[in-house]
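There are 2 protein chains.
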Amino acid sequence: MNRAFLEFLSRHLLPLANPQFRKDPIVDRWVIVSTDRAQRPFSSHGDTAPAAKTDCPFCEGNERATPTEAFALRDRQSSPNQSGWQVRVVPNKFPALAALGDANLHNEGTYDSIDGVGAHEVIVECPQHEKSLARLSHQQVSKVVTTYRERLLALKEDRRLAYGMLFKNVGEAAGASIEHCHAQLIGLPMVPVMVRDELAGAAKFLDRHQRCIFCDLLSRELAAKHRIVCTTERFIAVTPFASRFSFETWVLPRTHQSHFEDLEPADIDEFASILKAVLMKLDAGLGRPAYNYFIHTAPLNVPPQESYHWHLEILPCFSRVAGFEWGTGCYINPVPPEQAAAFLRGTEI
Amino acid sequence: MNRAFLEFLSRHLLPLANPQFRKDPIVDRWVIVSTDRAQRPFSSHGDTAPAAKTDCPFCEGNERATPTEAFALRDRQSSPNQSGWQVRVVPNKFPALAALGDANLHNEGTYDSIDGVGAHEVIVECPQHEKSLARLSHQQVSKVVTTYRERLLALKEDRRLAYGMLFKNVGEAAGASIEHCHAQLIGLPMVPVMVRDELAGAAKFLDRHQRCIFCDLLSRELAAKHRIVCTTERFIAVTPFASRFSFETWVLPRTHQSHFEDLEPADIDEFASILKAVLMKLDAGLGRPAYNYFIHTAPLNVPPQESYHWHLEILPCFSRVAGFEWGTGCYINPVPPEQAAAFLRGTEI
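Each protein sequence line maps, in turn, to chains A and B.
The numbering of the first sequence is our numbering, which starts it at 1 and goes up by one.
The numbering of the second sequence is our numbering, which starts it at 1 and goes up by one.
The hints are simulated quantities; they were obtained by calculation from the structure and are not laboratory data.
Accuracy of the hints is not assured; some may be wrong.
Away from chain A, derived, C-beta distances all over 12 Å, residues of chain B [claimed, not checked]:
hint	residue
1	E130
2	C230
3	P265
4	H309
5	Q339
In the DSS-like style, the derived pairs of lysine-lysine whose C-alpha atoms are separated by at most 30 Å in a straight line are [what the hints assert, rightly or not]:
hint	chain 1	residue 1	chain 2	residue 2
6	B	K225	B	K204
7	A	K204	B	K23
8	A	K156	A	K143
9	B	K204	A	K204
10	B	K156	B	K143
11	A	K131	A	K143
12	B	K23	A	K23
13	A	K143	A	K23
14	A	K23	B	K225
15	B	K204	A	K23
16	A	K225	B	K23
Note that the Cβ used here is the ideal one computed from N, Cα and C, for glycine as well.
With the hints as constraints, model all of the structure from the sequences given.
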């Protein structure tokens with residue numbers, strides 16, 4: 001982290017009363033302006049990374065270092081905000097959005113903004129100081145996935161929110177500021193552009209071909225086989241035809257389903273096992289790379305969609321996004337996805 | 001750079017005969033799959049960065065380390081591929097696209113691809129081993145801008161190409177693999193999605209309001225003043241209302257103009273001076289941060305557009321893009337653009 005920038009943040013930045021969503025007037029792109037985010041620890045890797053449970057705010061026993069828990073899977077005899085939990089959900093200490101208030105729209109000439117309200121939670125995925133989801137037991141990963149589902153269901157109760165984005169940053173190169181294994185959930189008052197574009201593309205395909213484009217692609221991939229990383233009875237892990245990044249991998253249910261939170265409890269175990277398998281293959285074959293993953297699912301407040309199909313996208317970080325990508329929106333990928341899939345298929349775990 | 005990934009690239013990656021454009025079947029997103037890019041030096045910063053002209057392929061005297069020059073501003077008495085130049089343009093040694101061939105479309109079920117043909121040039125911006133454009137003389141920056149314009153004009157002659165993306169990566173965090181001051185130009189057979197979205201948004205605004213949205217925003221910004229970084233008679237540098245990144249800054253001509261390459265030679269000097277001023281302010285105020293910049297201009301083969309207005313976008317890199325941004329397309333910016341502009345206005349150069 002650039003020292004002069006940190007100095008700007010600590011000496012010059014004036015906190016805004018509330019975060020704001022601002023809309024780019026030319027393209028349909030929202031930005032969250034949130035000075036609270038500037039306060040979070042920017043350099044907890046390297047020298048200053050908590051090496052063990054004593055300093056880590058997410059380790060069992062340090063519950064007082066976080067805001068009050070919103071949810072936990074914990075031993076029956078244990079109490080909230082005490083030890084005895086397996087997965088624990090707390091509000092983000094440095095939230096991008098304000099938890100309270102209404103998402104009022106403001107207009108100033110050509111400029112639109114919305115009050116920056118929404119949810120921002122941290123899902124602590126294990127009590128011990130472990131960095132990698134892939135190294136948790138299968139049973140523990142099932143608990144993590146169960147928690148993802150529970151928290152998305154909880155967001156549905158908040159009528160201000162249109163979308164829940166569940167995401168995970170692993171490693172400094174992927175933007176993680178704390179190394180203890182965790183995911184985040186941000187609830188937004190609008191459907192974000194990446195999902196909206198997918199929904200629109202999928203709706204157009206349904207309109208033309210009377211079927212879900214994801215189901216269509218899955219059956220092609222299963223027939224062709226060369227981009228399949230691994231499968232279970234009900235899930236598939238595949239490197240997409242137009243992968244943006246080396247070893248980009250998507251996990252999808254074989255049976256059509258638009259909402260992740262509609263996952264049957266019986267399927268959670270199986271989803272956990274394929275997710276763990278893919279992450280283990282990435283760790284084993286590629287030296288525990290930094291990566292992001294996120295779940296693309298249908299908006300919170302819509303009924304099941306015939307056109308849309310939820311999936312989890314894993315984006316490993318091997319190189320930097322640079323000017324060409326920012327300027328064009330076109331990515332340069334040095335590893336053909338067919339070769340990525342073959343390598344991961346052959347990587348033993 | 002991850003060691004296991006480098007090992008994959010050197011031991012397992014099979015080169016493709018030709019690069020390919022692949023289109024995501026769900027959203028309108030092209031990807032370039034190019035194994036040649038995997039061969040470029042990934043770690044020329046830090047230990048292995050050429051400290052001086054002896055090892056740097058871009059330094060004067062080392063012309064044999066690059067492919068044959070495509071263009072140069074050089075002393076009259078000097079010869080191509082010899083010393084005596086001020087700005088030198090060479091094909092990229094590790095091109096993302098193939099220079100020869102036609103951009104044929106291929107289709108395989110739901111999957112579309114195009115042969116990865118196009119231009120990929122490196123513009124070496126000074127003969128001496130200098131990293132920062134901001135530290136070049138005003139006269140030298142004018143020569144750099146003149147060269148940008150010349151190379152975009154040259155791309156217009158190639159009827160296969162629809163778009164020319166001029167971009168620059170400065171610093172390792174911004175994806176630069178060589179530190180000697182340079183920019184790149186990639187000629188594409190299609191208009192990339194980021195530009196297409198801007199063209200569409202601007203066309204919609206023209207349709208509704210009978211004026212260019214950029215001209216409209218400029219007059220608002222000049223009246224409000226608080227997002228202006230600096231101005232000259234014919235150019236403005238502004239931090240956009242919906243800045244994605246801390247200290248994001250755009251430079252635009254005050255007078256409507258859709259194509260960068262239509263810049264009058266008389267205006268080049270002035271554009272060079274505002275560009276240099278903004279970069280000097282970033283360097284002085286924020287400790288020479290890594291950044292990307294690129295020019296958004298109208299497509300190569302269209303007449304002047306009433307709706308579109310070229311501009312240069314500078315995106316400093318202070319933090320990593322993470323899972324939330326990848327999943328949503330929504331950026332979290334900790335520095336309100338009004339505060340960024342005030343800080344840069346107050347930064348003396």
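These are the hints, each one checked on the structure:
1. E130: 19 Å, holds
2. C230: 18 Å, holds
3. P265: Non-interface label on P265(B) holds, nearest chain A Cβ at 25 Å vs cutoff 12 Å.
4. H309: Per Cβ check, H309(B) is inside 12 Å of chain A; nearest 10 Å; violated.
5. Q339: 6 Å, violated
6. K225(B) to K204(B): Distance ~26 Å between K225(B) and K204(B) Cα, so the pair holds.
7. K204(A) to K23(B): Holds, at about 16 Å.
8. K156(A) to K143(A): 20 Å, holds
9. K204(B) to K204(A): Holds: K204(B) and K204(A) sit about 21 Å apart, inside 30 Å.
10. K156(B) to K143(B): Within the cut-off at roughly 20 Å; holds.
11. K131(A) to K143(A): Within the cut-off at roughly 16 Å; holds.
12. K23(B) to K23(A): 27 Å, holds
13. K143(A) to K23(A): Measuring from Cα to Cα gives roughly 37 Å; hence the hint is violated.
14. K23(A) to K225(B): 19 Å, holds
15. K204(B) to K23(A): 16 Å, holds
16. K225(A) to K23(B): 19 Å, holds
The structure fails hints 4, 5 and 13 (numbered hints given earlier, in ascending order).
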